[in-house]
Every structure is written in structure tokens, then in C-alpha cells.
Amino acid sequence: MSLGMTLLVVVGILFLFGIGHSVLDRMGLNDKAALLFMVGILVGSLVPNIPLSRRLSINIGGAIIPLILAIYVFTKAGTGKEKARSIAASILAGIGVFVASRLLPHEPETMLIDPNYVYGIIAGVIAYLFGRSRRASFIAGIVGVLLADIAQGVINYMNNLPTPVRLGGAGAVDAVVISGFLAVLLAEIVGEIREKIQGGTEKKNMGYDKGEFIRLVDFDDEKEGEDEGEKQR
Amino acid sequence: MMRRKGKTKVKNRGKLIGALAIVVILVTTMVPTNRSMADNWYEDEPGYYTLFDEEGNELTAMASEMFKDDEYISSDNKHYSVSRVNKKERKAYAKYLGDIELPEFELVEDLSMEVAAQNKDRSILIYCTHSSESYVPSDGTTAIPSKGGIFDVAESFKNALQEKGIKAVLDKTSHDPHDAGAYRRSRQTAVELIKKNMPVAAVFDIHRDATPKHTYETKVNGEYMSKVRIVIGRRNQNRKANEELAYKIKAIADKAYPGLIKDIYIGRGEYNQELSPRSLLFEFGTHEISKEAAQKSARYMADVVNKAIYGGVFKAQEQANNKTEKRGEQAQDQEAEPRQQSYRASPISQGEQKGAGRGILWLIIAAAVGIVIFALISKSGNELTDGIFGRKKRE
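The listed protein sequences derive, respectively, from chains A and B. According to numbering that gives the first Met the number 0, the residues represented by the first sequence are 0 to 232, in order. According to numbering that gives the first Met the number 0, the residues represented by the second sequence are 0 to 394, in order.
Hints were generated in silico from the structure; no laboratory data involved. Ideal Cβ positions, reconstructed from N, Cα and C, are used throughout, including at glycine. The reader is advised that the hints may include incorrect statements.
Label pairs and their in silico Cβ distance ranges [as the list claims (entries may be wrong)]:
1. Val38(A) to Met197(B): 18 to 26 Å
2. Thr49(B) to Thr5(A): 23 to 31 Å
3. Val98(A) to Lys314(B): 26 to 34 Å
4. Glu291(B) to Arg53(A): 28 to 36 Å
Some chain A residues flagged as far from chain B (calculated, every beta-carbon gap over 12 Å) [said to hold, decoys possible]:
5. Gly39
6. Leu45
7. Leu51
8. Ser52
9. Leu66
10. Ile67
11. Ile70
12. Tyr71
13. Val124
14. Leu128
Listed next, the stretches of chain B that the computed footprint assigns to chain A, with coverage defined by at least 3 CB atoms under 8 Å from CB atoms of chain A [to be verified]:
15. 171-185
16. 189-195
17. 232-246
18. 256-270
Chain B on its own, in the form it takes in the complex (with noise of 0.2 Å):
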């Protein structure tokens, strides 16, 4: 086994990388700490990127680079691709790919007739993996470090939520510094809560966004707030799962509290998102919205996610934009869409098998496609099915 005997040169290698541990110690403590250097440009300059509809209509602004193939499903739920990007305007152009079938309710004549009680004992689980994120008209700035005011908002989360009777914990670990690394800390608190927790029905990073201010703004029942994102990481197994219960969100606020949900974003990376079914990121408003304003928009969203989940009676408000009401409702009145009509919402756990199968899919096929490539690279066949199974024994 030690068929080579190691050189007089790994002495002298040694010497090297203790001189190297030593610089990395250096370096690595001079690195400030409470910034990062990748995302907050929109800081200092109005650079974000604008996306437009293949007509040229403005569809949104977004505080970050846009990417060919970035998925986004606006308020209205069209789905729309990134087709090209112009860089040097921070224009983004996106092809129209359909509308997004959000779920039908059942409609309910008589508002007495609540769903009987839900089993409320799945929690739901808080945590923000920005820990700094502040409002500047609230906070005073952008960045709180470890003590953000996106604290605070969760915090409204939180209460409203259990006001209703669920169980909602809020985790505020801090995971500074505000950069990629705390989604590996971050990750550490989303595995902490969900073992504490169980069983957990959906699990929320709450955030903030850095896109201007009027992004954001919105009035619901003639209140002033914040508009909230619903962003989902688009590989892994609990997609369809994730994807099942944002469309079920934005299907009921888009009923009862038009314009709450601003859109959904389908992002690249996985948010921790592949740690448990049900898990979304929701973000708040903006840095330059009040943090008042993203926690009366919180107290809104515990209802919508109390229905969403657990099920329950809600009344349709009357729409303000009635583009949303496009979609077919073969099984609803078409006449003239009422006033205050009312819905039933079931819980999730009834119709949530077609997520939970195609995720099961997802990794059925990842498996398989995993096999395939180490097929094509891998010497024999045998050693394909050794690297899968184990070694098995063999002449």
C-alpha cells in the first residue's frame, strides 16, 4: 500500500504551507466584516435592471443583474423567461411563456359556514438569513448588524400567526456578516428549528429587497404597505411542492387582499429551500420603505398563509385590476364578478400529493441521470454499478 515513500521536499512543502496558514490568518482578519462587496452597488447608484415584455411594455425592476433564462411570474401570473439582456442599459427583455393556472376555491354562500377547525399543531417555522437588513425611514439605515429591523417585521409575522392559534416559531440568530455565507449559517438555524419542530408545515426566511421604493408600494383595503415577493429556487426535489403552496398564496391574497403579492421570483440558487417541503422566502418591501409599512403587510400575509395552510372561509374583495380575473372559472358564476363573495380555501394537506410525487420524480431522475453520466465516464460496468450500490464482491 505505501508503495512511494514521500521526498525531502515535503519538509520544506511543510515550512511553506505553515508561511501560508500564517497569511491566510493575516489577510483573512483584515478583511472587513460588516460589508460585502457583491450586492450593494444599488447603494451607491439607481443601477437597477428594468425587464420588459417582448413589445417593450415595462413589466418590472428588479435590484440585481438579470440573467437569460431568469423566470418571473408578475402579478397577473404571466410567466415570462429572460430572452436577452442589454447590459450596458440594464434592460432585460422576457418572452412570454403563459399564465400561470393559480388554484380554484370552492365558493361559499353562507360566511358561517367556517371550515371546521384545523389541526393547527404543524408549525410554521421563521428565520432571516440577512440578519442585518433594516428600512432606512424606520431604522435610520440599511444595515442594523445581527439586530436588523427584518427582525422586527418577522417578529409581526410571527404574532399574527399565532394569534391565530399556530404554532409559529421565530428564530433570531444572527447570521452576519450580510453575504453568501450566510446561507451555510442560515441553513445551520432552517435545521435547528425544523428538528426542534416537528412536525413543520412550512418553513419562511423572511427578507427585504433593495429595488426603489415605488416597487414596492401598495394599498390594500385602502391601507398603505409594502407589496411581498414570494421567491422559489428552481432545482431540487421540493420545487413543485414549494411552487404548490406560493400559487396557493398568491391565489388567495389575490382575492381577498389584492396587490399584497408583488410577483414570484424563480431564482437560481436553492435557499434552503431543499431542507423541507413548503419552505418559501418572502421579502418585505424595500430598504426604502418604512418598516411599519412591511409589517402591516406581515399581519396581512399570516392570514393568507393561515388559509393557505390550515384552510379556512374568505371574502373576495372587489378587484381593482380585474386583468387577474382572465383566467377560466368554468366552475364559477361567469357573470360580472361579484362583490364580497366568499371562498373556501382546504388545507395544503389536501391537495399537495401532485408536489410531493413530482418531487419524488425529481429525484428518482436526478438519480438516474447521475448514473447515466457516471456510465458514460466510468470504465466498465461494473464499476458504473459499484459506485451506486457499493462494491459487491466478484471474481
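So that you can see chain A by itself, here it is in the shape it has in the complex (with noise of 0.2 Å):
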């Protein structure tokens, strides 16, 4: 491959891992776990799908570390109340995922967005009503497209396709990664919008998260001595 390329395609991966970082950062992770997560999702991506049964395999980068970041996120949720909201944004992401990708347009002429990029909004969208934070709508982002997989798995198992089922199979740009990060920068500009609308810099210190203002602090400052400066979220 040329210089060009082989630059474009470097640029192009730093562009994904700069986004992917900086939204993990907004959830609350601290630099070091945000970078190590980035790079586990990457080194993941590069491994060979684990396989689970003939047709059922599973991807490091695509699907195991995202659902643990998913668990890690969900057992840090500020409440019983957005816990519950985290579960049931990613079984109706789920639903949504599934639906969209049975009645959006396919034919290659026909799509008025790429449908890789519609289960992230949709997962956003959903968690962003449901669970109105960023984190439920990681969850429900990652946890969404896959459900959607595996319910397409089963129904693809009862009519005999043998069409595989790759949780996250294309690691790093599957469209569970995709999903997850694009539905946390959703929740994020809505998020901002409607901060920004209703408290100004007023509320500097205080975040728009689980349907109310409250004063927003670092879940995981206490791990990481080091990280005093972020007292506050």
C-alpha cells in the first residue's frame, strides 16, 4: 500500500480512537481506563473471533471488552432507578436494532443513511428517553445491536439459514462498537442542548442526568488516587 493510503487508514483509525476515547472520558472513566479499554477494543479487533458453536463466534474487541465496559458502567449506576432504565433502554434497543433492520431500505440506492449508523441513533434515542445518561445509553447502544443479533440468530437457526452469527465480528468498527459510542455522543449533544437550555453556566457544576439537575461526581475517583483533580463532574 502506498504512503497515502497506509496515512489515510492511520489517520482513519486515530480518528475512531480519538472519538472512542473521549466518549468513554465523558462516561466517567478515567484516562488510564479509558485508554486501556480503546486499545483492548483495538488489540481485540485483531484476534480471531472465538467460536462458541459452528455458527456462533465471538469477537474480543467487538463484543467481549464493549459488554464488559457495558457491566462495568451498569454496576456503577448512580441508582436502582437507572439501573432498571439501563435494562429495559437495551431490550427496547434491541427491539428497535431488529425492526430497523427488517423495514430500513437495503438496496444500495435506496438508503437514506447507512443502516451501521442508524442502530447507534436508535439505541441513543431510546436510552436517551429511558435512561436520559450517557451510560444507559452505552448500555443499551452495545447490549442492543447485540440481542438484535443473537434474536436474528435464533430465527435464522429455525428456518435453517446458515448465515453465522460474529458478535461483533468486525471488532472495532462492528456496529456494536458504533452503536454504543455513537449513542453516548447522542445523549451527550442532546444532553448538553438541554442543559445548556435550561441551566446555563448557572449550573456549571451540576450535569442534566437521570431526568433532573444533580451535582455530578466521579464514580471512580476513589480507585484512582492520582486523579484529585477531577473532583467534580
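Both chains are sitting in their own frames, so use the hints and assemble them into the complex.
Listed below in C-alpha cells is the structure:
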């Protein structure tokens, strides 16, 4: 590959890395943890899928690490209510992704937007309406696509279709990862706009989260003593 | 941190979610799998759209709804943008934006002057997102689940490439059902293919269209075959690199096999073309055309793709339609296009820097736009930089 093309690919990866890292950062992970997860997703993408059965496999970077992240974020959810909302949003996002896959135009000439981006938008909207938090959006984005893939796999199995189910098979660029991160970005943009409209600078130490303005505190600060500088979010 | 305790309602909510999950599972298992609802209407009724220029001349037919701002490059290299759509009459009108400049090729006097053997180690990767697409006259149906006739066309394309010494790889993974989710699944196939076959020269997703037969019928070298449409995604960092390859393919085909390339459609999806530079989607004919006709054009396409990527000398046919030769060809003799003129195409690696440069620029602009949007909605400048570059220590 020529230098130009190589640079294009490298810059593309850095671009994705930057978005991913900033998304994890916005969810309250500290720099080191965010970096670690992003590297995990990228490196995990290069490892072959782990076969679970003849037609079912799972990718480390595209599904296992995002799922671990989703579970981690879930355990750190502020309230039981937020946890319940995250679960509800995940299931609804799963239905949304599944239905969108069937209903969206699929001939190349008929598409209005790439289907792989629609999943994140669906998950983001559903999660924002239900969970009203970045965390819920992330969980719904990740789990929603995985649930839709599993549902499709079950249907394929029942109909004897040999289509394999490769959970997160495309690694860092799989719909699972795109959807999770896009959902957070969407919640972030909507959240920030609402925050600005409703609170402005008066509430700069507060955030619009879980349906109301609350004082946000980093939930992982306690673990990382060196991050004393980031006390308040 | 856990400042707010969950309320008692949570337990009920849990039950509700459980019930919801059961309903979802029941509903989803009842959804028919081999059909999708979105695009199949054209099979039941002749509902295709016709595109006209502003003077009312018919340009093309599309098996799909057309939208304002859709872009289209005709067989004679005219670039149009849809300006208005009449949904009721299924007619769309397009504004002429100008002629597309296709690459020019060096004239070769002596045909034996073949370019030095190119390094053909870089692989060409092929897959079929819509793995059930089939050809009615040959396959007897529009769709064979997971084993569509489209794979036979892709196989012909691959074999013809391999005969030219190219490392061509065809992945026959099924991505059924035929729906928008197929792109989610084929994305995984494309990534697998790229991972396993580095370095990659190009990636092609093979499809067939669903317009009436006559829109894809053609004769090349006196042989009946199907035309080929090239589809490019509109918004991704690889668009220019992909476009360059598409233009080069069309330029060679227009000279060597006039009538083979139907047109270039610039679509709104990505078609996984953002995964690797030089990724294109080909539509080989339509469901009403015979598979054999599509396979024949696949072999011609292999020759064109070989010359476009790895370089080579090709003979220009007498132009059946001189409309394509309107472009200024300063470097060449302007006196009447000679018959059987020979040209040399250089390998793509020698002329691709522009596409890559523009791709990088595209990413930088995208990042800048993102930063500006964030700045506009963000509460403070610090938060903005934190969001993009990660949070730093600050007082």
C-alpha cells in the first residue's frame, strides 16, 4: 500500500480512537481506564473470533470488551432506577435495531443513511428517553445490537439459514461498538443542549442526568488516587 | 457516589422488563425471515422511478425511490443532481452539474510494449452482502436463501482475476436475510477478509439490481451481456480514493469495452466502503437478466479492474457512441478517434495520492466540525478540550 493510503488508514484509526477515548472519558472513566479499554478494543479486534458453536462466535474487541465495559458502567450506575432504565432501554434498543434491520431500505440506491449508523441513533434515542444518561445510552447501544444479533441468530437457526452469528465480528468497527459510542455522543449532544437551555452557566457544577439536574461526582475517583484533580463533574 | 437510593418501584419495573423480554422473544420469532418489507415492492408492480434531465430527456430508471440531491453520473460522464421529485408519477428531474473528467491514458504505438509485470501480490477481495440475490431466467427465482446466483457471478469475476495472476479471494458467507441488517453482517465478512489478506488492492461487494431488463442489456464486442453499475458511498474518508478507482475503471471500460459500464451512482449509504480505500459496489445486471449475461460481463470487468489497478496496455474499440469522446484530449491527436488505438494504464499506486490526501483532509475537517459543534453546545472551553483530548489535571 502506498504511503498516502497507509496514512489515510492510520489517520482513520486515530480518528476513531479519539472519538472512542473521548466518549469513555465523558462517561466518567479516567484517562488510563479509557485508554486501556480503547487499546483492548483495537487489539482484541485483531484476534480471531472465539467460536462458541458451529455458527456462533464472539469477537474480543467487538463484543467481549464492550460488554465488560457495559457491565462495568452498569454496576456504577447512580441509582437502582438508572439500572432498571438501562435494562429496559437495552431491550427496547434490541427491538428497535431488529425492526430497523428489517424495515430500512436495503438496496444500495434506496438508502437514506447507512444502516450501521441507524442502530446507534435508535439506541441513543431510546436510551435517552428511558435512561436519560450517557451510561444508559452506552449500555443500550452495546447490548441492543448484541440482542438483535442473537434474536436474528435464533430465527436463522429455526429457519435453517446458514448465516453465522459473529457477535462483534468486525471488532472495533462493528455495529456493536459504533452503536454504543454513537448512542453516547447523541445523549451527550442532546444532554448538553438541554443542559445549556435549562441551566446555563449557573449550574456548571451540575449535570443533566437521570432526568434531573444533579451534582455529578466521578464514580471512579476513589479508586484512582492520582486523579485528585477531577473531583467534580 | 451512590447518593440516591433506588425506590421500591424498581422491583415491579424488573418484572415489567422480564415480561417485556418474553414478549419480544415471542414477537421476533414470529417475524418471517426470508422476506423483508422495505424494497421488494418493485417485484409486485412496475414501480421504478424514471429520471429526466431539465429538458425532459429520459436519463435512467431506478428500482427505488429517488430523493432530492441524489447524484448520478451517466454513461456519457454527465454529472447530475436530482432537483425535484414527483412521487405520484414516479418521476425525478435532475440538474446537470457538468461533465466528469475521467483519467486520460498514454497512447501506445507498439502493442508489444506491455508494461513491466506489476506486483500482483496485493489482493482483491470479493463478497456478496445480499447473498440470496438471484437471476430469474437462470435461477428460476429472484432469491435463493444464502445461495443466490449472485455467488456464481462473483465466482466468475474471481476466476477471471485469478487467471490474470491476481490474488483474488471470494468469501461466500451468507448474510441473509436480505435486509438492511445484511450490511451489519457483511461488514464482519469484509473485515475478516481484509485482516486475512493484507495488503489489499481493492474490495468489491457484488450485487444485482432490480430494474427492468432493458435498463441493463448491452452488447460488448458483439456479445450480449449485462451492464454494470458502480455504486459509491457519499460520506466517508475513502470517497475520493474510491471515486478515483471508479472513474479509472469507467475510463478504461469506455475505451476498451464501450457499453459495459452503465453508470455511477453516488448513494447515501456507506456500503462498508469506509473500511478500506478502493472499496466499490458493483451491480451486475438485474433480476430479469440471465445469470450467464452477468457472468460474461464479470469476466470483462475482471480485465478492466486488472488494468485499472495493476496497470497494462489495452486496445480501444471503435466508439459506438461518440458522445463519450467530447472531452478535450489535448495530449492526443484530435483528428477523428482512430480505430484500435492502444493505451497504457499506469498502476493505481502511482496516481492515487490525491484521493488519500483528500481522505485525510476529510477526517481533519470532520474532527474540526465535531469540535466546533461541541464547542457550541458545551458549557465551557475546558470541558470542550477535555472531551476531545481526554481529561487533564487542572485546578
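Hints versus structure:
{"no.": "1", "hint": "Val38(A) to Met197(B): 18 to 26 Å", "result": "holds (20 Å)"}
{"no.": "2", "hint": "Thr49(B) to Thr5(A): 23 to 31 Å", "result": "violated (44 Å)"}
{"no.": "3", "hint": "Val98(A) to Lys314(B): 26 to 34 Å", "result": "violated (53 Å)"}
{"no.": "4", "hint": "Glu291(B) to Arg53(A): 28 to 36 Å", "result": "holds (34 Å)"}
{"no.": "5", "hint": "Gly39", "result": "holds (16 Å)"}
{"no.": "6", "hint": "Leu45", "result": "violated (7 Å)"}
{"no.": "7", "hint": "Leu51", "result": "holds (15 Å)"}
{"no.": "8", "hint": "Ser52", "result": "holds (16 Å)"}
{"no.": "9", "hint": "Leu66", "result": "holds (16 Å)"}
{"no.": "10", "hint": "Ile67", "result": "holds (20 Å)"}
{"no.": "11", "hint": "Ile70", "result": "holds (17 Å)"}
{"no.": "12", "hint": "Tyr71", "result": "holds (14 Å)"}
{"no.": "13", "hint": "Val124", "result": "holds (17 Å)"}
{"no.": "14", "hint": "Leu128", "result": "holds (15 Å)"}
{"no.": "15", "hint": "171-185", "result": "holds (count 13)"}
{"no.": "16", "hint": "189-195", "result": "holds (count 4)"}
{"no.": "17", "hint": "232-246", "result": "holds (count 4)"}
{"no.": "18", "hint": "256-270", "result": "holds (count 6)"}
Going through the hint list in order, the structure does not satisfy hints 2, 3, 6.
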